[in-house]
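Student: Start from the sequences and build out the full structure, keeping to the hints where you can.
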Amino acid sequence: MIQEVKEENVALMKQSERTSKIRVKDLSLFYGDKQALYDVSLTIEEKKVTALIGPSGCGKSTFLRTLNRMNDLIDGVKINGDILIDNEDIYKSNDVIKLRTKVGMVFQKPNLFPMSIYDNVAYGPRAQGIKNKKELNKIVEESLRGAAIWDEVKDRLKSSALGLSGGQQQRVCIARAIAMKPDVILMDEPTSALDPISTLKVEELIAQLKKEYTIVIVTHNMQQAARVSDKTAFFLSGEIVEYDVTNNVFSNPKDQRTEDYVTGRFG
Amino acid sequence: MRKFKDNVLRGLLWFSAFVTVGILLLIVGFIFYKGFRLINLEFIFGDYSPTDGGGIWPMIVTTVYTIVISLVIATPIGILAAVYLQEYAKQGRLVKTIRFATESLTGIPSIIYGLFGAVFFVTTLKLGMSIIAASLTLTIIVLPVVIRTTEESLKTVPQTYREGSLALGTTKLQTLMKVILPSSMPGILSGIILSMGRIVGESAAIFLTAGTVAAMPASIFSSARTLTVHSYLVTQEAGDIELAAAIGIVLIVIILILNFSATFISKKLTKADY
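These protein sequence lines are chains A and B, in that order. Anchor point for the first sequence: position 88 equals 88 in this note's numbering, and the numbering is continuous, going up by one each time. Anchor point for the second sequence: position 213 equals 480 in this note's numbering, and the numbering is continuous, going up by one each time.
Keep in mind the hints are simulated off the structure, nothing from the lab. Heads up, a few of these hints could be off.
Each pair of labels, with its calculated beta carbon distance range [unchecked claim]:
#  : chain 1 : residue 1 : chain 2 : residue 2 : range
1  : B       : ARG304    : A       : LEU162    : 19 to 27 Å
2  : B       : PRO425    : A       : GLU141    : 23 to 31 Å
3  : A       : GLU141    : B       : GLY296    : 56 to 64 Å
4  : A       : ALA207    : B       : LEU279    : 42 to 50 Å
5  : A       : GLY264    : B       : VAL362    : 43 to 51 Å
6  : A       : ASP151    : B       : GLY296    : 43 to 51 Å
7  : A       : ASN132    : B       : GLY374    : 52 to 60 Å
8  : B       : GLN426    : A       : ASP151    : 27 to 35 Å
9  : B       : THR390    : A       : LEU162    : 52 to 60 Å
10 : A       : ILE74     : B       : ALA368    : 25 to 33 Å
11 : A       : ILE74     : B       : VAL480    : 57 to 65 Å
12 : A       : LEU162    : B       : ALA485    : 47 to 55 Å
13 : A       : SER93     : B       : ILE522    : 17 to 25 Å
14 : A       : LYS98     : B       : PHE531    : 35 to 43 Å
All C-beta atoms in this analysis are idealised placements derived from N, C-alpha and C, irrespective of residue type, glycine included.
Tutor: This is the structure we're talking about:
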């Protein structure tokens, strides 16, 4: 009997080993003297949507930005601990460029460049040295299709991306990210600047995208986390309070603080 | 009462705008009125005649030389310096000092630059009184203008553009060349236009470094006379206001042509089709 349980555990562990994409161990982060993350450990599974929730200033966006080293842009940031993506420590390697082509990002507000829609989507591939027109055309079309916006923009690829609506812009941002063919897509409150209908479209898109990509999404909207994610991590004051299958976090939280937060008692 | 205040304020705003535009129109009108009679093909394209001061083609050529040479040197150096200060340098005491220095440089009277140019470029570097010595002096004069305006326009590029570009796995240089510089192009251009204005309007510094030779310059190493210097000399020596006004008209036209072509070029550069 005991033997059986052990074998089952080993099998589970092996499975999690196989499906885990990102493993974070004892991650602490400091902005100068101020500590923003305290010993965060977390395993993110491949081709699943992982939501990070928590009140403002809890460190969820800071955590997200450690995964593609965007915090490197800020002066005075210090990081301890390990982040392994595909078993490679991303802070040991100095190739930030390679990391960021593998880990794409979508920001809080649409941040398309003042160029045409086509040039925006082709921006990343071009920077990687792809010049062949046919190849670029193919990437742009595939990416826009992948972001479910091809039909809306296919006749105006050469016109300015800034003429699109906010929701359309955000989906082009997603297309721009997937044009790099990343493994992981980080989303930092991607719908916070969008109206409900555009939000719904982006959420539907996330459900589509997880077939191919590992998605980590920061959201302050708990319904959104419940709708789109497979697993949810609850952050509070720079620590992970609870990390579990989304259903459990929302309907059967283990920690009192999680329960207080998801039932809307604070935050 | 509130309505009254509103009306008073509106009146003041309107009055200020009217005064500003009015003065400009008055000056331009005066110059055209005084000088227009002298403008003809012979006056502009003819050889210089010392007796009536007409035939200003050599001065036009000299003026264009100084503009082009100064900008060709000052623009790249100025833009690179601004990019370094704004995008690369660690914001600390050194950068603050450099910024303070460039700001102070814009306030120094041009005669001081002229004296420096006369000592350094003309004498020490043995360039002699020449177009090149004047152009180098003008380069120093406009460099702070280019740096300041470029820095200001780099500051207006949203941080989200930088993040968006870097998050796509581009290098800092690619981000700079593909996103940051193109979107700050209008600001950089206005700096260049401002610089052109300063170069064309400069006379004291040029007087001291290029001299006053009223003849077609054989090369950029010749001494020569720009339009403003010529204008100064004819007023000073002959008291000929009409002639000076005619030169003023030519100067205004040159400035307009340069401004329009600068705008045109920048539109071409930034692909203005959207």
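Student: Hint by hint, note whether the structure agrees.
Tutor: So, going through the hints one by one against the coordinates:
no., hint, in the structure
1, B:ARG304 x A:LEU162: 19 to 27 Å, "violated, 52 Å"
2, B:PRO425 x A:GLU141: 23 to 31 Å, "holds, 28 Å"
3, A:GLU141 x B:GLY296: 56 to 64 Å, "holds, 59 Å"
4, A:ALA207 x B:LEU279: 42 to 50 Å, "violated, 60 Å"
5, A:GLY264 x B:VAL362: 43 to 51 Å, "holds, 47 Å"
6, A:ASP151 x B:GLY296: 43 to 51 Å, "violated, 59 Å"
7, A:ASN132 x B:GLY374: 52 to 60 Å, "holds, 53 Å"
8, B:GLN426 x A:ASP151: 27 to 35 Å, "holds, 32 Å"
9, B:THR390 x A:LEU162: 52 to 60 Å, "holds, 54 Å"
10, A:ILE74 x B:ALA368: 25 to 33 Å, "holds, 28 Å"
11, A:ILE74 x B:VAL480: 57 to 65 Å, "holds, 58 Å"
12, A:LEU162 x B:ALA485: 47 to 55 Å, "holds, 52 Å"
13, A:SER93 x B:ILE522: 17 to 25 Å, "violated, 55 Å"
14, A:LYS98 x B:PHE531: 35 to 43 Å, "holds, 41 Å"
The structure fails to meet hints 1, 4, 6 and 13 from the earlier list, while all remaining hints are met.
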